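Listed in order, the protein sequences are those of chains P and W. Under the numbering used here, the first residue of the first sequence carries the number 4, and numbering increases by one thereafter. Under the numbering used here, the first residue of the second sequence carries the number 42, and numbering increases by one thereafter.
It should be emphasised that the hints constitute simulated quantities derived from the structure, not laboratory data. None of these values were measured; they are calculated from a predicted model. Check each hint, because a few of them may be wrong.
Here are a few chain W residues that face chain P, going by a calculated C-beta distance under 7 Å [as the list claims (entries may be wrong)]: (1) Ala203; (2) Cys208; (3) Gly210; (4) Gly387; (5) Val391; (6) Glu473; (7) Gln474; (8) Asp476; (9) His477; (10) Val479; (11) Thr481; (12) Tyr758.
Counterexamples of contact, computed for chain W against chain P with all Cβ distances above 10 Å [unchecked claim]: (13) Gly612; (14) Pro724; (15) Glu772.
Backbone N, C-alpha and C define an ideal beta-carbon position, used for all residues, glycine too.
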Amino acid sequence: MRFGVVVFPGSNCDHDARHAVGNVLGQPAEFIWHQSEDLAGFDAVILPGGFSYGDYLRTGAIARFSPVMRAVERFARRGGLVLGICNGFQILLEAGLLPGAMLRNRGLRFVCRDVWIRVESADTPFTCAGQVGQVLRVPIAHSDGNYTAEPETLRDLERNRQIVFRYTTPEGRVEPAANPNGSMESIAGIVSRERNVLGMMPHPERAVEAMLGSTDGLVVFRSLVESLTRQARATA
Amino acid sequence: METDIAVTETLAAEHGLTSEEYARLKGILGRDPTFTELGIFSVQWSEHCSYKSSRVHLKRLPTRGPQVVEGPGENAGVVDIGEGLCAAFKIESHNHPSFVEPFQGAATGVGGILRDIFTMGARPIAVLDSLRFGPLVQGPGTPAALAARNRRIFDGVIGGIAFYGNCFGVPTVGGEIGFEPGYSGNPLVNVLALGVARRDGLFLARARGAGNPVVYVGARTGRDGIHGASLLASAEFSDESQQKRPNVQVADPFMEKLLLEACLEAMGTGAVVAIQDMGAAGLTCSTSEMASRGGTGIEIELGRVPRRETGMTPYEIMLSESQERMLLVAERGRQGELLALFRKWGLEAVEIGRVTGDGLMRVLDEGRVVADIPAEPLCEQGPAYTRPLAPARSGSFGTPLAAFAPEGEDLTPPLERLLASPAIASKRWVWEQYDHMVRTNTVVRPGRGDAAVLRVKETGRGLALSTDGNGRWCRLDPYLGAMHAVAEAARNVAASGARPLAATNCLNFGNPEKPEVMWQFSRAIDGLAEACAALGTPITGGNVSFYNETLGESIDPTPVAGILGLLEDAGAALGMRFRAEGDVVVLLDGAGSSRSFGRASAVLAREFSSSEYAKVALGVVGGAPPAIDLAAEKRLIDLLVALAGERLVFSAHDVSDGGLAVTLAECAFGARGLGARIELEGPEPAEAALFGERGARAAVSVDEARLARLWAVAAEYGVKAQAIGRVAGGELRIAANDREIVRAPIARLEDQWANGLERALAVSLPAVG
Chain P
4 MRFGVVVFPG
14 SNCDHDARHA
24 VGNVLGQPAE
34 FIWHQSEDLA
44 GFDAVILPGG
54 FSYGDYLRTG
64 AIARFSPVMR
74 AVERFARRGG
84 LVLGICNGFQ
94 ILLEAGLLPG
104 AMLRNRGLRF
114 VCRDVWIRVE
124 SADTPFTCAG
134 QVGQVLRVPI
144 AHSDGNYTAE
154 PETLRDLERN
164 RQIVFRYTTP
174 EGRVEPAANP
184 NGSMESIAGI
194 VSRERNVLGM
204 MPHPERAVEA
214 MLGSTDGLVV
224 FRSLVESLTR
234 QARATA
Chain W
42 METDIAVTET
52 LAAEHGLTSE
62 EYARLKGILG
72 RDPTFTELGI
82 FSVQWSEHCS
92 YKSSRVHLKR
102 LPTRGPQVVE
112 GPGENAGVVD
122 IGEGLCAAFK
132 IESHNHPSFV
142 EPFQGAATGV
152 GGILRDIFTM
162 GARPIAVLDS
172 LRFGPLVQGP
182 GTPAALAARN
192 RRIFDGVIGG
202 IAFYGNCFGV
212 PTVGGEIGFE
222 PGYSGNPLVN
232 VLALGVARRD
242 GLFLARARGA
252 GNPVVYVGAR
262 TGRDGIHGAS
272 LLASAEFSDE
282 SQQKRPNVQV
292 ADPFMEKLLL
302 EACLEAMGTG
312 AVVAIQDMGA
322 AGLTCSTSEM
332 ASRGGTGIEI
342 ELGRVPRRET
352 GMTPYEIMLS
362 ESQERMLLVA
372 ERGRQGELLA
382 LFRKWGLEAV
392 EIGRVTGDGL
402 MRVLDEGRVV
412 ADIPAEPLCE
422 QGPAYTRPLA
432 PARSGSFGTP
442 LAAFAPEGED
452 LTPPLERLLA
462 SPAIASKRWV
472 WEQYDHMVRT
482 NTVVRPGRGD
492 AAVLRVKETG
502 RGLALSTDGN
512 GRWCRLDPYL
522 GAMHAVAEAA
532 RNVAASGARP
542 LAATNCLNFG
552 NPEKPEVMWQ
562 FSRAIDGLAE
572 ACAALGTPIT
582 GGNVSFYNET
592 LGESIDPTPV
602 AGILGLLEDA
612 GAALGMRFRA
622 EGDVVVLLDG
632 AGSSRSFGRA
642 SAVLAREFSS
652 SEYAKVALGV
662 VGGAPPAIDL
672 AAEKRLIDLL
682 VALAGERLVF
692 SAHDVSDGGL
702 AVTLAECAFG
712 ARGLGARIEL
722 EGPEPAEAAL
732 FGERGARAAV
742 SVDEARLARL
752 WAVAAEYGVK
762 AQAIGRVAGG
772 ELRIAANDRE
782 IVRAPIARLE
792 DQWANGLERA
802 LAVSLPAVG
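Only chain P is shown next, with the shape it has when bound in the complex (with noise of 0.2 Å):
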């Protein structure tokens, strides 16, 4: 089982995504340059948070471009695991990996706090440790997680259960006040049709170790080490 976390020029929670995977969850995780179009070995690919290419223009339209994303588009086309947490979720979407766009925060601020998500679909590579309706305690850290989507857009990831995680009070309800930038739905993070492309908001890798506050975000990562464990099983 290999982990590949993309460095774009600007990511900087690459080191944080590779210590949560590679440190806290002991499997082995590597940095992939971004201009490497070779993702041969690689069974799960990560797109960190951070600003790639200062994000002075729209968020993630740079980096889309990267020779890097021609060969995460073929690896997701094969079916391989694909996380975009925060920018790297910005780019999937600019990449058209993932539908819909990001607008500024509701707020007009850079918004960075913990909030709560509920696990919407459980039958996700990146959901599977969890259970529907579980609430998890994770941070954000953003300007632009306002998510919008045109009207059968949201109604497509809906009828496909491809709404991941909403925004919610602790206790687990929808909420406007627990939405932190205005995305549409509460959408805190929404999977590929085909269910191996996941982006989301909030930053799972800062929410797995109790001293940092919050281990919710280890259910993510468990997900894709179990899916990926009973995928080897498999094919074995």
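Please arrange chain W on chain P, whose structure you already have, making use of the hints.
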């Protein structure tokens, strides 16, 4: 030699050089300077770069200790943090640029100090900001328009800090923010950065090895920031200050992030001999200082310097303060390897010169010599002044308090006003705009404890940081005020469980040519020196910022102390929040039983007149800061460290701004609705007991079963420990000598405190989502 513009004494005076300084310059050169040379001397000998007014005083600061690896004089101070690692940290001001252009000024302030840290080979792991602004709401001396401008500056500064740190990827984890009328025309933006390096991987800015190539890397050079150090940072403000906007640089945190990663990678190759960032005075400082420190010379060709505009003169190139640039000396023959590495990171890197053995800083423009200056005299033989001192009148207004509120009076309303005042209220609105968690090391987040605590992944240890300073107290008594700044920062670090290791300081004062300002400075240095010596925290670096004046009006003298502490185990770090109902609340007092509580009420009233409470609730600013007992502070600090080490207490919070009442309320906030029932006894007037700010005190909460052990440890350290109540649900209730003087639902108090700042800002700013 360049002969285009004739240099005269008048021109030198326009560059801020006195006739004595100009004569000294000519003495060093043995001839008249070229125009470019004049520019170089004027920035290098500016107050900002040369410390010419402060040097004689700074010598009095304690700078040594077994933990100190590098003291003042390097890009940052460095201390040993065990297991082969060390911490580099330093605080620096960016006050004037932040007034002229708040967003960019504050952003470039963050960028500058971050470069100082990674220049040493240390990866930045945290930033703190010590900020001062004029009042956000209209009041005496602050008309509505001024308050509105203060809010705009405040908003811009916070935005700039957030923009830079968030993009660069360093957590902004703490600091402090104060509001006083004296800062309306001159806000303070002091930024502290902390980095971690391997002790054997430290880099110093010393050009070595004649023939080694000099490499320029990073952003192109433009006309921005020319004379930032000499004109903006070394002169007071007038009505024309807005015209100085072009002197403020523009920030590119993305470029800096690339520089960070590329420089750390380059330093790991062994091909880098020395490295220095281009901060104040850009190429001038970086070349001359690397040569001077290395005992060598440097020759550079300006024709090779990447530029972002055409037609720049040698003078402009040498003085540009364009951001995000580094200069490094490469091992001869290995520059190609480094240039390739920088290209990989998408950075422009060019060989622009070489190290020489002749001790000269020689600048060529397309082969023509435009400057040829002995480097060591330029950097080390600049002017130094022992400026005249004259005691300043203290700036108190309002009549110092004559009497305290009658015993038994309900003090709940003034407590609520205090909690809602911007200085005391939660700074959540600010730090939620900062990414304070990136790099996943933030153990104690902003607002959760007295100090920010970062774990060191490699060793599991913790680093705690706090910055403190009280300009109001320093105006009333700079010596006492400076001691309090150190004591409070050290106490905060200890309350988080960390042993204070070392200090950095940022000294913000008015015009040093005024004897009263220089006297304040000198007294503050004495206070800092005495407190740092007593608390065992040598000063490893820092920054002096003079000329903080607008239209002849000086700011409150504001020495800011930043203290770094070490926890053996980051997991033992303490926050301030209460844990559970029934826990016992214990007040620790380092003054021990020796303190006589029967102090003359005149003294009490005098000290109380300088408190935050007196200002907010009574409209009084006067008297004197509380007397300080450094031995008592030390006892309390040692005890707090021991308690955290033994994991004997659940929470710790010192008594400072707003006194014990505010301390107790803050322990309750965020603790899921927990409150406390407190009973105070003693001869002190209730008002003073609740809101007095004398030091060496902290409140801890502890399991009843561990009380006996707590008494024993406190006794061992000579600290008086007194159970004053219990954590209880729902309300904060405080009685003094059996009469209830505070009673309010925690939810109501918390609402005042949590939203106080946003309500003050709501006058003109949109709400946060």
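Hints the structure violates: just list their numbers, smallest first. Those not satisfied are hints 5, 12, 13.
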